[in-house]
Every structure is written in C-alpha cells, then in structure tokens.
Amino acid sequence: MAMTARERARVSKIAQIAIFIIVVAILLISMNWPKVLDSFFAFDKIGPMFPDLLIVGLKNTIFYTAISFAFGLTLGLILALMKMASFGPYRWFATGYIEFFRGVPALLVLLALGYGLPSAFPEAKWPYAVVVMVSLGLVAAAYIAETLRAGLQAVPKGQTEAARSLGMPAWRAMVTIVIPQAFRIVLPPLTNEIILLTKDTSLAFILGSVAGQYELTKFGRDGITSLGAGITPLVVAGAVYLVITVPLSLLTRRMESKTGRGKR
Amino acid sequence: MNAAPTSEFKAAGVEISGLQKSYGSVKVLKGIDLNVKPGEVVCLIGPSGSGKSTLLRCVNLLEQPNGGTINVGGFEATDPDVDIDKMRRKVGMVFQQFNLFPHLTVLENCTVAQLKVLKRKKSDADAKALENLEKVGLGHLATRYPSELSGGQQQRVAIARALSMDPSLMLFDEPTSALDPETVGDVLSIMRNLAKDGMTMLVVTHEMAFARDVADRVFFMDGGVVVESGPAAEVIGNPQQPRTKDFLSRVLDPTHVDIGND
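These protein sequences, in sequence, are chains W and Y.
Numbers given in this note's numbering equal positions in the first sequence, counted from 1, plus 2.
Numbers given in this note's numbering equal positions in the second sequence, counted from 1, plus 381.
Among these hints, one or two may not hold up.
[As the list claims (entries may be wrong)] Computed spacing ranges between beta-carbons, pair by pair:
{"no.": "1", "chain 1": "Y", "residue 1": "Y404", "chain 2": "W", "residue 2": "V177", "range": "25 to 35 Å"}
{"no.": "2", "chain 1": "Y", "residue 1": "G566", "chain 2": "W", "residue 2": "P158", "range": "25 to 35 Å"}
{"no.": "3", "chain 1": "Y", "residue 1": "K500", "chain 2": "W", "residue 2": "L119", "range": "41 to 51 Å"}
Calculated from the structure, these hints are not laboratory results.
All C-beta atoms in this analysis are idealised placements derived from N, C-alpha and C, irrespective of residue type, glycine included.
Looking at chain Y on its own, in the form it has when it is part of the complex (with noise of 0.2 Å):
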C-alpha cells in the first residue's frame, strides 16, 4: 500500500497483524493481530511486563518491530521505505511521565513542532495550542514552564501538545500511572471528551472503570500474545480466559489475595 496524502489520513485507522518483537533472545511481543477502526476508542489491559506498552510504541515506530506488519492509516509503518516523520505528525501520542520540554513554556510546548514540523504561521500556531490548552482547561497556564506544573497539569499540557498537530490517532501509554491520585479524573474526562468528539484512540491502561466506560473494545494481553479480546463490556464485565479472570479480579478489587481465608 502506498503512503497516502496527509489530506486523506483523517479518521486513521490501526492494522496489525504478526506483529513480533524481541530484545536479544526476550520475545516481548510473540505475533500481535489487533487493529482500531476510524473513530474507535481500544484499550490495552494487562499486567506489567506483557508487552502492551512495547505494542503501543511499535505503533509510531519508537520501538521497530521484528516481524509482522503495522499499517496506520495508510501507511505501511513497517514499510523500511516509509517517511516515518510523516507518519508520525498524524499520530499523537501521551506518554506515562508526560516528557515535556522543560525548556519551553507551556505555550511552546505546545507550538514547537507546529512550527518547526508543520511550518505553521506563529500567529495559527499560537491560536491552535490556545484553543487546545483552552480544551484541558489549562489556557491560563499558558506562559508557565512545566516544572511549575502540577502532575497532572503537565499530562493534560502533553495531551494539548500532542492535538495541537491535528493528530487522526491518539496513543496513550498509561497516561495516569505516575499521577497522583486526585489529579487521574481530569485527565480521565479529557480523554472521555476526546474519545465523544471522536478521536481515533489506543491506550495502554489500569484503569478498568475508564476501559469499561469509555472503549469499544478491550485487549487484554499477558505474556507477549493477546490472551482475549472483545467488546469492553464483555472482556471486563464477563471475562472468558482463566488468566483474564485472575487479573481482573486483582484489579478489580485489590484486597483479593489468594490466601484462602475468604
């Protein structure tokens, strides 16, 4: 398939299939199939170390695949030929510890690579991460450095920076982890308001209430494969798979430990 035109990658959509990653001799991912249709919101469950967040990384190529093929809205992701800087303006992502630029204001935070990638006009540039900062509720920050930026401040300014490049696919990798816990609603509700305004979304989460409430579908992954996946509301609320039942059940309710004395 040839790289489209950026005019026609609008509501991109994620196909994968045999997807394999290894570091050395670790296979991390062993043959991934999963794709996001145009509009549809699909969260990654699963414990730590079960290859979601490499999943998600593989998808704007931050990781490069050993096998299997990736294609985003178009473009051939695993195609060594593609222009992955092309691929990636229309492809946001939000990271666990936000990694803002602690140099730049939280305005240039959010204009710098519409300048410098984009080659918008200052005036448009300005006038767009106003308008997304306006949309995390955070406009009147913007002339503050990020390191005077709460937590969670900072991760709705990554979520800002990252619509401020009109992005057709949004990936979160565990957008709430490494915040404090009062601070994981706000965040939450921007995603909710993306994913209603809809957003193209693919997150890496433990948050089950948010993948229950607000994804069309759920992956639940363990050890490098995809263990069950479906509709949100079956994978969590009615799960099939023994080692999704266990994990839910330990997310779920925390104070659940198999000692037998309950």
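Okay, chain W solo, but in the shape it has when bound (with noise of 0.2 Å):
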C-alpha cells in the first residue's frame, strides 16, 4: 500500500474520530433516557438541600480539609526533616511511617482511628472534628513528608554552603535560605495534596456524625433516601466539589508553569 506519511496520518485521524463517535452513539442509544434524566438530573427535586448544603456541608469540608492539612503539614515536616536526619533511628522511623500510612486506605485509618481512640483513650474526649483531623492528617502527612523532603533535597548544596560559610548555624540556614527556596518548589505539589485532602473528606461520614457536622457527601447520601430524586444530590454535592478542586488544579498549573519559566 503505497501511502504518503500524511496520507496515513489523515486516515489515522479519521479512524480515531470514528471509533469516539461510534462508542459514544452506541452508549447514548443504548441508554435508557428517561430513568437517566430522572435519577441523574432531577434538579427540580434537590430545593431542600439548600441552603444547608452550602452554609453547612461547604463549610465542613473546607474546615476538614483545612485542619487535616495543617495537622498533616505539620507532622509532613517533622517526618521530612527525620528522613533526612543523620541520626538512624529517625531515618527508619520516617521511612517506616511514610510506607505504612502510603499503603494503607484512608477508610481504613479513619475507621480504626474513630473506634480506637475512644477505647485506648478513655479519659479524653475525642470530638468528631479532631479524629477526622488526626486521621486523615496522619495519612495526608506521609505523602506530604516525602513532597517536601524531595523540596529540600532540590535546593542546591551550595545554598546551604553559602549560608555556613557567612556564619550562620544549621537551623538558621534551614530557616532562612532552605526552605524559603523548598517552599516555592513543593507550593505547586502541597496544592495537589490539599485538593486529594478535599475529596477524602467525603469518607468522614462513616464515623456516623451529627446534623451541624455534616459535609458535602453526607448531604449527598441523605438526599438519595429523603427527596426521591435519585442520585442527583450526588451530582450535585458532586458540583460543589468542583468548585473547589477545579480552581485549586488551576492555581497549581499556573504554579507550575511559573516555576518552570525558571530561576537561576
């Protein structure tokens, strides 16, 4: 078959667009339409969700988020400095940690932590907010650990040489010429990070919370059982997601190609 390279490339291209269009018709066709619309776009049936769903279950899971992430971010940075350490045991600890809560599922943490602490600590109070917190703040810190231990590790030696040599002490170096420099690499990556934290949340309704503590996907499920409109409340609580992830992954882009036009 003697065809030109653009010749194939053309045929090629009209092959791709073909076998799109013929799955997408034979998905459409074979639909069921009117179930469809009724159980996935019955936007008329979801008023009762507002306001609560926004002025509560928005509310909720960005205060999840945020207090997982900092818990996370916090413990990331003890374990990224551990790792990094000279002294072994920290080594193995951090390297211990970080594989253990990487391998584990999230639900799994939660759901260990929500009916374990209570009993190993019986005396303490253990508010909803804070085992979500502690729970997905302990896995979140495993994969934050290692961002921001490859953040400081990017930074060139002769940062910290430089600083030595004006005289200043380790930690000042760390301090000040390090992880300045660390922060703008892993900014793009710890965005990331925030936007999984987000949509983990959703697993906090396992623990079995109460109305004012509801978040996005709880107002998901008990609009599936109360207004009849199928599993539109999950699209919609869905949505709302969106509004969060999407202009987040925007900002992490712009990041990203900001520091990829390059210091230095």
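Two chains, each in its own frame: build the complex with the hints.
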C-alpha cells in the first residue's frame, strides 16, 4: 500500500474520530434515557438541599480539609526532617511511617481511629472533627513528608554552604535560606495534596456524625433517601466539590508554569 | 590555643600543618603544610583534582579534615570544641558557582547574614551592604534579583556579600572559572583592589597572570601534596620542579601539545 506519511496520518486521524463517535453513539442509544434523566438530573427536586448544602456541607468540607492539612503539614515537615536526619533511628522511623500510611487506605485509618482512639484513651474526649483531623492528617503527612523532603533536597547544596560560610548555624541556614526556596518548589504538589484531602473528607461520614457536622458527601447521601430525586443529590454534591478543586487545580498549573520559567 | 575574642581577630593569618583529607579510601590531601600571614595574598594553583579546592574548603570547615591542624586567626579550627560559626563570621568565602540566594534581592543577599548572624541594625546593615556593592560597582542593582544579573555581576555581588561581614580573611574558590571570558577581568580587578587594601586572601585559581601579579606567594599542588611553593614570580616565572614546569607550560600556552613537531 503506497500511502504517503501525510495520507497515513489523515487516515489514522479519521479512524480515531470514527471510533470515538461509534463508542459514544452506542452508549447514548443503549442508555435508558428517561431513567437517566430521572435519577441523575432531577434538579427540580433538590431544592430542600439548599442552603444547608453550602452553609453547612461546604463549610464543613473546607473546615475538615483545612485542619487535616494543617495537622498533616506540621507532621509531614517533622517527618521530612527526620527522614533527612543523620541519626539512624529517626530515618528508620520516618521511612516506616511513610511506607505504612501510604500503603493503607485512608478509610481504614479513619475507622481504626474512630473506634480505636476513644477506647485507647477513654478519659479524653474525642470530638468528631479531631478524629477526622488526626486520621486524614496522619495519612496526608506521609505524602506531604515525601513532597517536602524532595523540595528541601532540590535546593542546591551550595546554598547551605554559602549560608554556613557566612556564619549561619545549620538551623538558621535551613530556616532563612533553604526552606523559603524549597517552599516555592513544593507549592504546586502541596496544592495537589489539598485537592486529594478535600476529596478524602468525603470518607468522614462513615464515623457517624450529627447534623452540624455533615459535609458535602453526607448531604448527598441523605438527599438520596429523602428527596426521591435518584442520585441527583450526589451529582449536586459532586459539582460543589468541583467548585473547590478545579480552581485549586488551575492555581497549581499556573504556579507550575511559573516555576517552570525558572529561576537561576 | 584559645579562641580569641573577635575584636582581636583583625588581620587573620592561616596556619595549616599536616592536613589530611580522604573520601573513603581516596586520599585527597596527603599532609599539607601551608601558612598565610596577615595581609598576605596566597594563590593555590595546580591541575584539577589536585586537592586545591578541598584544601580551601577545609579552612572554614566546609570539609571536615581527617588529620592535621588548621589555625585561623587564633581559632583552632580543627579543635572539636571551637565555635565554628563564630570563626566563619570572620572568614569570607567566594564560590565558583556564586551561590547567591535566589529568593533574596542583591541588597538582601548582602544584609541577611549581617542581620541574622551579627544582629546588626537594619539601617547599619543596609549602609554596609551598599558600601560594598558600590565597591564592586553594582550599587545600582541593589533591588534586583540574582537571576536578573550576569554571571560576572553575580560573582561581584557574592564578593560584596562576603565583605559585608567585615571578614579578616577571604577565601576564593576558582572565582572566575564559571564566568564568560569578558567578565573575568571585572572580578579579577576587584580582587586586585582587595589585595591592595591589605585583605588577607587565599585564592584557588587558574588565572596565572593574576597569581603572578597579585599573589605574594604561590603554592603549586598536585596529587594532594604541595609540590612547590614560594614567591609568585619565582614559582610561576622560574619553576624548579618538573611537574610545576609541565603544568605551567600547559596553562600558559594552551596550544602547547607534546606531539614533538614544534
């Protein structure tokens, strides 16, 4: 078959478009449309979700994300520094911690702590938000630690040497010279971590919460049973998640293209 | 010897004896004796891998020596109890790769250690930084960031940054090796002026003209030992050791190749 490269490219492009159209068409034709519209897009019935979905659900989702992130960032920084420490046991602990919490599902940690903390420390009170913060924060810390370590190590060694040669003690060189530079490097991946955490807060309802503690997913689930709108409430809750995550994602991309343009 | 108060640390000399340094089983420095008198300019020359930079980095303990002693202006640098940060305040260092802080402006590069280490007042630190930036001819770039400067300008800022700590001794680690040829002259002339002002300087360099004109003494190193040392004019103009002769003939006349047809 004597086709030029240009012809081959055109045929391939047409084939790709055709396959795409055929797949979409089959799906659209075989779908039960009245049912789909009824259970996914019954927007006329979701009125009762508002305004609580936003003033309680959205607020709580953001709140749980924020406290979990603050906890995870603090712990993650400690773990990152431990992982770079010259003292062996620190490194081993950090490595073990990171491997463990990256390996187990967040849901499992949430359940284990939700039931485990109150029985382990029966004297202490364990407010719902604290359990969520600790559980999700413990998991996030493992990822954040690796991100921060990579960021700190991406700062050239010459920066520390220059700082030390000016008489700065090691901690001062770290705080004034290395961390600010590392922070710029890790800002995009950290924002990504916030997006993941935002979504993970949807697991929190599993512990059983009361009205004022509901986050977006809980509202969505309750809507399914109470509104008779099929799973439209979940579609709505999902859209609210996107309102949080898409801007963050765009922000990440902007920061990445900015750092990509490059210092030095 | 006790660590002298910083007020007495004025014109710092360096006394190095029997200095050894290895990386694993590789011996980089095999017993170096070297001294720099206060106000003196000493150049270290030699082929790459000869240990010159390692020796220089040992002086302010960026490398930890494995043996021997280093005394810098009364500070026994190799004494494990010495306050190394206190010593480093008086020892300025200029790196081959400049190592300016990219997140700080030119002025902040020159003030950050004054503020955080010497605890100077902001106004004093700024004045000192500007004075030194003027000295290197870059006062007008104080508000720029390092990434906006050429390599030569960055190295001049690095010199101003080191000078802003009022050092008694300046270490230069191949300060012009990473520069475009046309900017080398600016950096060298600043170093020349420093030497003229009486700064004690230990310089690792490949600039033989600079070493010959500015240095009081030159140490030629090869394979981790000092092969030959003495007044600059003698070592460079009339080397005695075959290895020194060979090295100088190569760097002074880069077209010289031993293929026996010249």
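Now the hints, each set against the structure:
1. Y:Y404 - W:V177: 25 to 35 Å: Roughly 30 Å apart at Cβ, these two residues keep to the hinted range, so it holds.
2. Y:G566 - W:P158: 25 to 35 Å: Distance hint for Y:G566, W:P158 holds at roughly 27 Å.
3. Y:K500 - W:L119: 41 to 51 Å: Since the Cβ atoms of Y:K500 and W:L119 sit about 46 Å apart, the hinted range of 41 to 51 Å holds.
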